[in-house]
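**Q** Chains as they are written, first to last, in my numbering: chain A, 1 to 413; chain B, 1001 to 1549; chain C, 2001 to 2414.
Listed next, the in silico EDC-like pairs over lysine to aspartate or glutamate satisfying Cα-Cα at most 20 Å (straight line):
| id | chain 1 | residue 1 | chain 2 | residue 2 |
| --- | --- | --- | --- | --- |
| 1 | A | K27 | C | E2285 |
| 2 | C | K2282 | A | E298 |
| 3 | A | K145 | B | D1430 |
| 4 | B | K1489 | A | E169 |
| 5 | B | K1500 | A | D53 |
| 6 | C | K2051 | B | E1089 |
| 7 | A | K54 | B | E1536 |
| 8 | A | K145 | B | D1428 |
| 9 | C | K2061 | A | E181 |
| 10 | A | K162 | B | E1536 |
| 11 | B | K1500 | A | D350 |
| 12 | C | K2282 | A | D299 |
| 13 | A | K161 | B | E1493 |
| 14 | A | K319 | C | E2005 |
| 15 | C | K2289 | A | D299 |
| 16 | C | K2355 | A | D196 |
| 17 | A | K145 | B | D1432 |
| 18 | A | K2 | C | E2287 |
| 19 | B | K1489 | A | E160 |
| 20 | C | K2322 | A | E266 |
| 21 | C | K2322 | A | D4 |
| 22 | A | K280 | C | E2005 |
| 23 | B | K1508 | A | E342 |
| 24 | A | K267 | C | E2328 |
| 25 | A | K145 | C | D2034 |
| 26 | A | K267 | C | E2367 |
| 27 | A | K289 | C | E2285 |
Footprint (simulated), chain B over chain C, 3 or more residues, beta carbon under 8 Å:
| id | stretch |
| --- | --- |
| 28 | 2003-2011 |
| 29 | 2046-2055 |
The set of hints was computed from the structure by calculation and includes no laboratory data. Note that CB positions come from ideal geometry on N, CA and C, so glycine has one too.
Residues per chain are reported as follows:
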Amino acid sequence: MKFDYIIIGGGLCGLSAGIRLAEQGKKTAIVSSGQSALHFCAGSFGLLGKNGDKTVLNPLEELDRLPEKHPYRLMGKDRVKRLATEVPAMLQKAGITVTGSAEANHFTLTPFGKPRPSWLTLNGLPTFSKPDEKPFEKALIVSIKGFLESYPAFMVENLEKKGVCCRVETIDLERLTHLRESNFDMRAASIAKQMDRATIEEFASKINSCAGKDESVLIPAVIGINDERELDRMREMVNNPLYCVPTIPVSVPGLRAQHILQHYFEKLGGTYILGDRVEKGIIEDGIVKALVTTNFGEDHLHADAFILASGNIFGEGIKSNPHDFYEPVFGLDVNYSSNRDEWYAFNFFDAQPYMEYGVEIDNDFHPSLKGIKIKNLFVAGSTLAHCNSLKEDSGAGTAILTGLHTADLAMNI
Amino acid sequence: MNVDLKNKEYDVIVIGGGATGAGTARDCAKRGLKVMLIERLDFTAGATGRNHGLLHSGARYAVTDHESATECIRENMILRKIAAHCVEETGGLFVTLPEDDLGYQKTFIESCHAAGIDARQLDPKDVIRIEPAVNPDIIGAVYVPDGAIDPFRLTTANVLDARIHGADVLTYHEVVELIQDNGRVIGVKVRNSITGEEKEIRARITVNAGGIWSHGIAQQAGITINMFPAKGALLIFGHRVNNMVINRCRKPADADILVPGDTISLIGTTSSRIPYDEVDNMEVTQEEVDILLNQGCQLVPSLSWTRILRAYAGVRPLIADDSDPTGRKISRGIVCLDHATRDGVEGFVTISGGKLMTYRLMAETATDMVCKKLGVDAACTTAVDPLPGSELTKENPSDSKRHIIDMGTGQIAARERHGSLSSLIKYDSDADDALVCECEQVSVGEIKYAIDTLHVNNLVNLRRRTRLGMGTCQGGICASRAAAILGLKFGNERAITDLKSFLQERWKGVRPVAWGRSLAEAYFTSCIYEGVCGMETENSDETKITSAQ
Amino acid sequence: MNYQEQNISANNFEECIKCTICTAYCPVMTVNPDYPGPKMAGPDGERYRLKSPDFYDKALKYCLNCKRCEVSCPSNVKIGDIIQSARIKYDTKPPKLRDHMLAETDVMGNLATAFAPIVNPVLSSGIAKAGLDIIGVDKHRTFPKYASHKFSTYLKKIQPEQEKFQKHIAYFHGCYVNYNNPSLGKDLVKILNAVGYGVLPLSKQKCCGVAKIANRLISRAKHDAEINLKSIREAVDQDMPVLSTSSTCTFTIRDEYPHLLGLENSDVRSNIMLATVFLSRKINEGEIKLVFRNDYKKRISYHTPCHMQKLGWAAYSTGLLKMIPGIEFVPLPSQCCGIAGTYGFKKENYEYSQKIGAELFEAIENEHPDVVATDCETCKWQIEMSTGAKVENPITLIAEALDVEATMRANGLL
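Take these sequences, add in the hints, and give me the full structure.
**A** The structure is reproduced here in structure tokens:
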């Protein structure tokens, strides 16, 4: 099969690149070996939320202080800025409403009620402008009976430290009694699937009957698995201001974002191939000739240029064994230490060196294979080395921006 | 547990919440003594919780140490009866690999028989059929009555029985002083490791069952016990690779035992002497991991590609033989020291040496000495009376089978963990049977039961009582769920801090083997707690902002 | 030392990092709380079953075997295979009479086609439905009508003229084409003949076995599978690819034979494919051309059957349909329709089956296409019963839209 461009990896990065290419009318395919890390997105996209141990307020200004080989540094500040400005409109076109801008980070709440720096926050989450600011004066935190993946008590603990007056109410819904018959089903996505029109109405009226004056209502993010409008409808029904708080993955806002972007890509004419694995790339003279996948078998996938957005060790874009870190599709050059003792930090929450291991690229985002540059292959997103997206809170930013950047580079070769 | 110490007069204080200490407390309490059991951290925090979990048949010692072998097989048969819910009767194999001397097998079998161990030679071809995990190249195999024993359950059951017989129990209380009066130990001063509060507890006799820490405890009375800490590292594999214990039929060496235990398999151990000041802080090294894997793969080739969940190390509390004037000779078997005769300090007894397998016998020996000193004449019943939890299950298999039919898998798992006591787990609400730990199938109800009755102060305690967080994801999914339940009792600030230490404790064991999917798992855990929940390192603070602003 | 280079376990169950993504894509979990879901039934449960078979949960029978868990898994865990293997290994309860009836497609089909004029009205009659209801076949279901002449008989009849073609393919028509819808087979013959390929029968063919596997009639399934593999090997030896018009038959022969029946097929696996795949590849390679009628105008949706999703080949079928100049193509979200072969026919599953498909039915009704294309016959029955929409195999639509003469000319046959 022949396409203009093929992207390996169908998460936030691959979809951003794919949408960019498809918008330009390019015949584009995305091959994704399974669902992506976007499913764990807590409802906000970070561009650069932290650097070292410090919180970043102006991400663009902070770029200069990142390590030299950081993907943002390779893109250059102007490029980061320009693309970052384009993103909200792109998401809006796809059907995802976000608030925020790259000029200044704002903040949203984690499931534990801690402030999280954010570049763009998905519809429904609470936002505020400074980390030490009180997001609300009074909060009613709603917990759902039997749901183990939201933490109202921890939220109270952290919000009260900020001086927010908090109260917890547990609500049960008719349809969830049925779900609780199982020992396994009370997960955010399963609950969200039960939220039909009648159940949302029931939920809203139960909130209305217990919410006090001036209370902001915080519910676990279990509304709107398919469509933001379900959430908007519920907000209209509830008398008080209503916000969603992210849950433990799988995250409903993340799942929705994934589907909306995928659908938009397909509507633009893109081919999204899910559940297929690129087993190897055929490279001749520094050029990727074709990809061999499990399902297409001997019908190799051909394209003019390829973007590798296969993720990090979570999505097996990078793999490891006791001796090495490696990139499994092409065997690209990967940056890592050959001494296993250097892979880890002693403390779990310290910066873990292994998280920065990934594919080395040149200034044009080309990787190399045994030192030889691959001219029609670009690498983007968390597959890249020199970026600890977890510590920097930059996962979504690097995914989207390097995705768009490599798509542009690919169209220029 | 809240113990009102005012006006309490104890006959015995037992220091140490390992199997030996818990067993001694049980035995003393069953003989009518008023007992206080004190543990500085949690039950099984020392060597008891850091070994193979092997129900030795004694075969391993048969050739080199006849006495230990005889003790082992006797206790083995006793434990099958009294601790049925802690034991899996898997059977064991001693296999000879092509590079081993097959001649050793004959000596081995003869020595087993001499010790009363029912060792039977098997045809290697049959062995591959009954235990497919074993290296197919083996040239010889012997069946022995090895099994698996869960040291956490065993210790908890002993504590529960001690309590049933009137004992008081304090965990997280460290003995900071042995109170002496006229050359006699009359009690202990303890410090609450959580609050720092100190108090005195008095008793007629104090038993030191502190394992490797016995050395330091005895020092408080000016007594020297020479101990040789020997570190042993083990690896935990992701699932049950083997269903029988697999040993190598040669002189005991590194990594020659693979034990199936509950949902996993364990290979061990290495052996290296370490300085005494390292016993509280052990790291498994790359070299030890390599030795374990290299040797383990020879025994069972599939270990080469089976996921490894974690590595850990325990310290064998080897004790010097008093008969050797140089103090370098290690004592074999159980050592019970009456410090009155040995050191001129009355009211103080140390019980050490031995092994998990002989904990009950050690307890009996120590209790005999205590009773003699107190002039109490009561017979030991611990070898006959079943432990709490073991009363029903094995004697009445038809009954347990009938239950399985209407039980969810989580309830079956709970029954295997708590035996007949699992009937105490309440599923009051339809939310109580929801699984908190999915890998090990631990429900909300089971967690509440453990918190209420099994001396749980934190997530690590909860893990030892229930297997929460011991499975494939090493707490990635369940830690926060369980922390929220603990928060109901201990407050949320403490629960959040505890969650952090639990994740750190899990990482400590994962780190030596963090590659492949186990590393991906650790990364996913970081994504949940750091990425989604916003937990951070201690030195990080959301109010600290970069200098640019 | 080369230990621990990879974690290899049966069906990769140890690759699972408990991310729980599969649970968000399981169509059964949402509607049936008795079903523990793919994570628990699959890798988590497997770990416990290795400890003791007591941990086998009989609710695993609710698994549709749709494999959507596998498709969504980022860690390559063969979740669906783990679950089906566990059912085969640990479920000791013998299958019911009803299960035998539903699974024995060849026996039923042979009988029914012979007496089609009698059987069809009887099967749709109230009395038969009541009878079937008693043995556990849901009364809402209508059995597909049986044809009065088997397709295999037709294929034998036309064999001499088919042999005259320069190039040939062997056709695994499966039970549906053979007993219920021979015209789909004829459509394939029409298209392939127009591009210069003759369609030959396999020397012998049995039901692919999907229904027998689902109903745990494993030795029967294996028996049939071995016959099929033997004929397939004969065809491949004569350089003939083996084509099918059913995504489920194709998937079963390619993947379930080795994974669930333990039958090695790697020597021929790549030669077994859907007809749409074969046509697309030949078109892409420039070997054949299709020319379509100008007056063919239709609004067509494509439903991706679960096994098509797992095969990863939807792009071929939709690609072919999109080549028809007069069609307006409307994509549908890839979702399970709920029937899952014989699953939805069972009384105990009917309600779940309809709930699972509800979202898809709604999407189809909103798009109001002239026809829904799909590569699976049971999806066709389910969608037709539940929405009233007309459903056809893409091959039928291609055949309808094809300008045979122009195509033959374009392929140098006239």
